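> Which chain is which? The protein sequence lines are B and D, in order.
Numbering that gives the first Met the number 0 applies: residue 0 is where the first sequence begins, and numbers increase by one.
Numbering that gives the first Met the number 0 applies: residue 0 is where the second sequence begins, and numbers increase by one.
Bear in mind the hints are in silico, worked out from the structure with no lab data behind them.
Be aware that one or more of the hints could be misleading.
Pairs count within a copy or across copies, as identical chains cannot be separated in the list.
[Claimed, not checked] 30 Å max Cα-Cα, derived BS3-like pairs, lysine-lysine:
(1) Lys-185 x Lys-226
(2) Lys-179 x Lys-64
(3) Lys-75 x Lys-64
(4) Lys-41 x Lys-64
(5) Lys-22 x Lys-179
(6) Lys-1 x Lys-75
(7) Lys-164 x Lys-91
(8) Lys-41 x Lys-204
(9) Lys-75 x Lys-164
(10) Lys-64 x Lys-51
(11) Lys-1 x Lys-200
(12) Lys-91 x Lys-226
(13) Lys-91 x Lys-121
(14) Lys-179 x Lys-91
(15) Lys-75 x Lys-22
(16) Lys-121 x Lys-41
(17) Lys-25 x Lys-204
(18) Lys-91 x Lys-25
Quick caveat, the model's predicted, so the values are computed rather than measured.
There are 2 protein chains.
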Amino acid sequence: MKVMVLLSGGVDSTTALGIAVDKYGKDNVIALSVMYGQKHDKEIGAAEAVAKHYGVLHLYLDLSKIFQYSDCSLLKQSDEAIPEISYAEQIKETGGETPVSTYVPFRNGLFLSSAASIALSKGCSLIYYGAHADDAAGFAYPDCSDAFVNAMNEAIWEGSGHQLKIEAPFVKVNKSNIVKMGLDLKVPYELTWSCYEGGEKPCGKCGTCIDRAAAFAANGVEDPALK
Amino acid sequence: MKVMVLLSGGVDSTTALGIAVDKYGKDNVIALSVMYGQKHDKEIGAAEAVAKHYGVLHLYLDLSKIFQYSDCSLLKQSDEAIPEISYAEQIKETGGETPVSTYVPFRNGLFLSSAASIALSKGCSLIYYGAHADDAAGFAYPDCSDAFVNAMNEAIWEGSGHQLKIEAPFVKVNKSNIVKMGLDLKVPYELTWSCYEGGEKPCGKCGTCIDRAAAFAANGVEDPALK
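Let the sequences and hints guide you as you build the complete structure.
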């Protein structure tokens, strides 16, 4: 069986790739990375290094034109600053009823649909998707929720004529347990990039830096990307 | 309420646009047309003329790179000929178990996801989508089926944080009834283009030409695009 893995170059998708390669073998795995107009391209560089580490075919896609009308703070065209507080605090601010300012409109739906189109052309019957429980909490990123993933899986299954499914191994797993799984599989976290800013080193202040640090700390190890 | 209409320039989506403008007013309607690497661009020209007729904002998107790996007979890179038989006959050939050769892998899922991203940025809360009963028959185009549209609607509702829905007014309507609805609303069918070939005039032989002719005949009128 051939598998396509959506690879951003961060902790979650890199762990998903590690699991897929472990389970199906590197020759049956294709990584897909999507540019969507982020303020920096550190993630893509990380995805490239990770794919090279595993020796899998790596495809790229630029969907930034689709997001040209969005004012999401992650995107190049936005003047809005990326919040320097944890997701938990951002959710307090939104009241848990609207997405956070770093939500890119229906981004993950679009990533999965693009992956589905390419996966079908490449003979894959499974898409691996690293959405996880923490991201979906409090409506922060509704396109990481269990309800979204289930519906999208159904849409891809039906819309492909029963040829393709999604597997989201972390949809009920939190980030510290993802890191635990990845450490067991010797996932090369030193190659990954999570920070929303594009500096020389991770900023340590944005929501994703804070959550990543906490996930490694919970496993009693130092984040290898900070060494 | 603002509405985004996926507009290919064919009979179904043009009728969907006519209904949306009738219901919500032209200033609340945005048309979105997607290029996906078709062998010809007659459809896009038709979509442009239709949007101009209705006086709605018209956006374009080129997703052809996503389909570069597909060998679908509709696409530029394919040497496969477009079948010159009706859908009903094509379905007999596939046994009703796999999509027909003009199925573009997960195309409509990708169109709807792209529309969702842009609709959210443009403040729309509804996407109009002209999928209809005939196209879904016998698994020909699984991304036109009721099951697909329901799942995709759920995915967009959940993935957008309950901000956006799909409406597919024809999902249980056949093409001759769509034409009936459109004739009542004075939809400008003379501006539309359905044929899969890109000739000066419609070929009259491909599946979509055959079905279109039958739909007008069932209403006792001549297809205005043939005049």
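> So, for every hint listed, does it hold in this structure?
Now the hints, each set against the structure:
1. Proximity of Lys-185 to Lys-226 under the C-alpha cut-off of 30 Å is restricted to the intra-copy arrangement: shortest distance 17 Å within a copy versus 68 Å between copies.
2. In this homomeric assembly, Lys-179 and Lys-64 never come within 30 Å of each other (Cα to Cα): the closest approach is 37 Å inside a single copy and 37 Å across copies.
3. Taking the shortest alpha-carbon separations for Lys-75 and Lys-64, both the intra-copy value of 11 Å and the inter-copy value of 22 Å come in at or below 30 Å.
4. Within a single copy, Lys-41 and Lys-64 get their C-alpha atoms as close as 19 Å, and across copies as close as 23 Å, so both meet the 30 Å cut-off.
5. Within a single copy, Lys-22 and Lys-179 get their C-alpha atoms as close as 17 Å, which meets the 30 Å cut-off; across copies the closest is 54 Å, which misses it.
6. Taking CA atoms no more than 30 Å apart as the test, Lys-1 paired with Lys-75 passes between copies only; the shortest distance there is 26 Å, against 35 Å inside one copy.
7. Taking the shortest alpha-carbon separations for Lys-164 and Lys-91, only the inter-copy value of 26 Å comes in at or below 30 Å, while the best intra-copy value is 34 Å.
8. In this assembly of identical chains, the alpha carbons of Lys-41 and Lys-204 lie at most 30 Å apart only when taken from the same copy (17 Å versus 51 Å across copies).
9. For a Cα distance limit of 30 Å, the shortest separation of Lys-75 from Lys-164 across copies, 28 Å, qualifies, whereas the shortest one inside one copy, 32 Å, does not.
10. Taking CA atoms no more than 30 Å apart as the test, Lys-64 paired with Lys-51 passes in both settings, with 27 Å inside one copy and 23 Å between copies.
11. With identical chains, the CA atoms of Lys-1 and Lys-200 are never at most 30 Å apart, being 35 Å at best within one copy and 43 Å at best between copies.
12. When the C-alpha separation of Lys-91 and Lys-226 is checked against a cutoff of 30 Å, the pair qualifies neither within a copy, at 32 Å, nor between copies, at 62 Å.
13. For the identical chains of this complex, Lys-91 and Lys-121 are inter-copy neighbours only, at 26 Å across copies versus 43 Å inside a copy, given an alpha-carbon limit of 30 Å.
14. For a Cα distance limit of 30 Å, the shortest separation of Lys-179 from Lys-91 inside one copy, 28 Å, qualifies, whereas the shortest one across copies, 52 Å, does not.
15. In this assembly of identical chains, Lys-75 and Lys-22 lie within 30 Å of each other by CA distance neither inside one copy nor across copies; the values are 37 Å within and 36 Å between.
16. Both within a single protomer and between protomers do Lys-121 and Lys-41 lie at most 30 Å apart by alpha-carbon distance, with minima of 27 Å and 29 Å respectively.
17. In this assembly of identical chains, the alpha carbons of Lys-25 and Lys-204 never lie at most 30 Å apart, being 35 Å within a copy and 46 Å across copies at closest.
18. Taking CA atoms no more than 30 Å apart as the test, Lys-91 paired with Lys-25 passes in neither setting, with 42 Å inside one copy and 39 Å between copies.
The structure does not agree with the numbered hints 2, 11, 12, 15, 17 and 18 stated previously, though it agrees with the rest.
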